[in-house]
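There are 2 protein chains.
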Amino acid sequence: MQRLDLDLGNDAYPILIGADLLAQPDLILPYIRSSQVAIVSNTTVAPLYMSKVAKPLRHAGKSVLEIVLPDGEEFKTWETLNLIFDALLRARCERKVTLIALGGGVIGDMTGFAAASYQRGVPFIQIPTTLLSQVDSSVGGKTGINHPLGKNMIGAFYQPRIVLADMSTLNTLPDREYSAGLAEVIKYGLLGDCEFFCWLEQNMPALLARDTAALEYAVHRSCWNKAKIVAADERESGVRALLNLGHTFGHAIEAGMGYGVWLHGEAVAAGMAMAADLSCRMGWFSAEELARTLALMQAAKLPVKGARLGAQRYIELMSSDKKVEAGTIRFVLLKRIGEAVMHANVDAGLLQKVLEQRVADELPA
Amino acid sequence: MQRLDLDLGNDAYPILIGADLLAQPDLILPYIRSSQVAIVSNTTVAPLYMSKVAKPLRHAGKSVLEIVLPDGEEFKTWETLNLIFDALLRARCERKVTLIALGGGVIGDMTGFAAASYQRGVPFIQIPTTLLSQVDSSVGGKTGINHPLGKNMIGAFYQPRIVLADMSTLNTLPDREYSAGLAEVIKYGLLGDCEFFCWLEQNMPALLARDTAALEYAVHRSCWNKAKIVAADERESGVRALLNLGHTFGHAIEAGMGYGVWLHGEAVAAGMAMAADLSCRMGWFSAEELARTLALMQAAKLPVKGARLGAQRYIELMSSDKKVEAGTIRFVLLKRIGEAVMHANVDAGLLQKVLEQRVADELPA
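As given, the protein sequences belong to chains C and A, one line each in that order. Reading the first sequence from the start, the letters are residues 1 to 365 in our numbering. Reading the second sequence from the start, the letters are residues 1 to 365 in our numbering.
Since the hints were made in silico from the structure, they are not lab data. Do not rely on the hints blindly, as some may be mistaken.
Unchecked claim - Under the rule of at most 30 Å between Cα atoms (straight-line distance), these lysine-lysine pairs were calculated in the DSS-like manner:
1) LYS96(C) x LYS228(A)
2) LYS353(A) x LYS335(C)
3) LYS96(C) x LYS55(C)
4) LYS353(A) x LYS305(A)
5) LYS335(A) x LYS301(A)
6) LYS305(A) x LYS335(A)
7) LYS96(C) x LYS335(A)
8) LYS228(C) x LYS301(C)
9) LYS353(C) x LYS301(C)
10) LYS96(A) x LYS228(C)
Unchecked claim - Chain C is faced by these chain A residues, among others (derived, beta-carbon under 7 Å):
11) LEU83
12) ALA87
13) LEU89
14) ARG92
15) SER117
16) ARG120
17) HIS147
18) GLY150
19) ILE154
20) ALA156
21) PHE157
22) TYR158
23) SER320
For glycine and all other residues, C-beta sits at the position ideal for the given N, C-alpha and C.
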């Protein structure tokens, strides 16, 4: 097991990374001070892991409420969030109830926002069961829901008490979702950790085989990279924006195609390919670096082209993104492998070319 | 003009209290760093004060969005909150938009929660236009909405950049709402400021006449009292609970009668009368002190009896209140005028008597 301690001022917490962590309830029990616990999961994850988490807590004398939500990004809405509030209030959960998020990013984001908002804030614990949520949602305290007019538009910065990233839960992850998680892993190498990028080039076969040791290393190193950036910038005013590499294009793909058609990680992968392509056309990124980037994503079975939405539609969708400031779309671009920078004044012609040429008709599968 | 500086760690902000403050835009302009501003008000307040606030901001070069919500506690819901998000997103408001709450407690609570949640947090400014919101919502950062199963169940602790309490806006307040505000003013005297209670006994006629000097003093002293308690306990784990004097009974009245039938301040007044009565029956509060308390509230034209809900219904409603811990209803009771204490183990028989005897059938009017 690996342990990463995050220290973001008042909100220090550990991330535990290893195999079979769910079978060790003593890891989380010290972080549950309340007698009431509510575990929030979804219809896919609950049958696999709910009782594994709930049973030992009940055995330890906790009163455990199980809340099972429908599965999917399209349910990351106020209506679904309200199912959590309904259940908590119907069960008369008090101000000190501890919420546990058991699932992927959607469950983590919604449960975190529910914890931030229920009675103005109750403690919560993250048990991310997908690779994407283990390397992304574990660090940074971003919680929230989507709005019909934009993704993650409503939410809070709210930190968990502890994160338990159990590699064993990744064994039940469908291949497509697993690859989507690798997109965010690759992102950390690409934006700020050249050495990790090289490690990934060499170890992609082990990762695809879901080798536990390789996974522990990749998850730990990804979280460590994210933590380094977040610690420097907890409220996302500066360098943290670099974590959005691939996300400006990616969010446009997700919104343009309808949430849930592309997986978030797939859209981010295509978005990174588009950002790398744009960086290359601007003369910042070499053709060789672009080729290595695309090759690594292809090795991870990820798309390297965006959806064919039309350049105008892309620009429209990207303009309503949270990264917009004073009306100008800000892109995260690449100077080289391991170095990303923010850039606002992108040449419209080059952007147009990327939006027309680094796209394809087929859906990821 | 009086000024009260709150210093709650990272979130220091001033409260300005005086007459004709809305006519002085230079008071708030230094606190608006964004070019986009959204003013949230309701159908009652907007016709009176919206242009007074919006015009000078536009004159100063700000892009001002006006958001007018329906008026009333019954609209303190997710659906209404979502009207704010809809308007912000439709107007493509960015992450640095400043929200201004222009109205009473409902507008302040909803706008504050919208500011806390929109894109995970944007700056906001409070311009409370009712007496209740000037003495209550100005201090403490409580924001939120109601849920069908409980009042203020969903929200956040979120501090404004500045609060502008303009005494002139109180001139347009209906008598009933004005009295409801006096309930919270009296509360500060009763729970922790005996000298202020005596001042109120002497100056209630001036306050009822809406004398500006008396009002400035009363609002300043109320905010000062609240700030003293909140500063000692920002997350409401200890002494801050004393501010809920009258609220456990009061919330039960509001919920039991349906939100909006009793004004919040009226329910709090009746709740304080019930708490004082219970304290008296327990032998803590003297009969003379009870009489003075009831007399001061009657002088302020406030009810001194709760709604006749039935003892069982009261207990049921009070058990789902946020103040509940480990299943026990915690009451704020009175040791004497100027000293409130938390008490959990109230004699059921005495409580029953209060719930049956300190109630009446008539509605406040």
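Hints breached by this structure: Those not satisfied are hints 2, 11, 12, 22.
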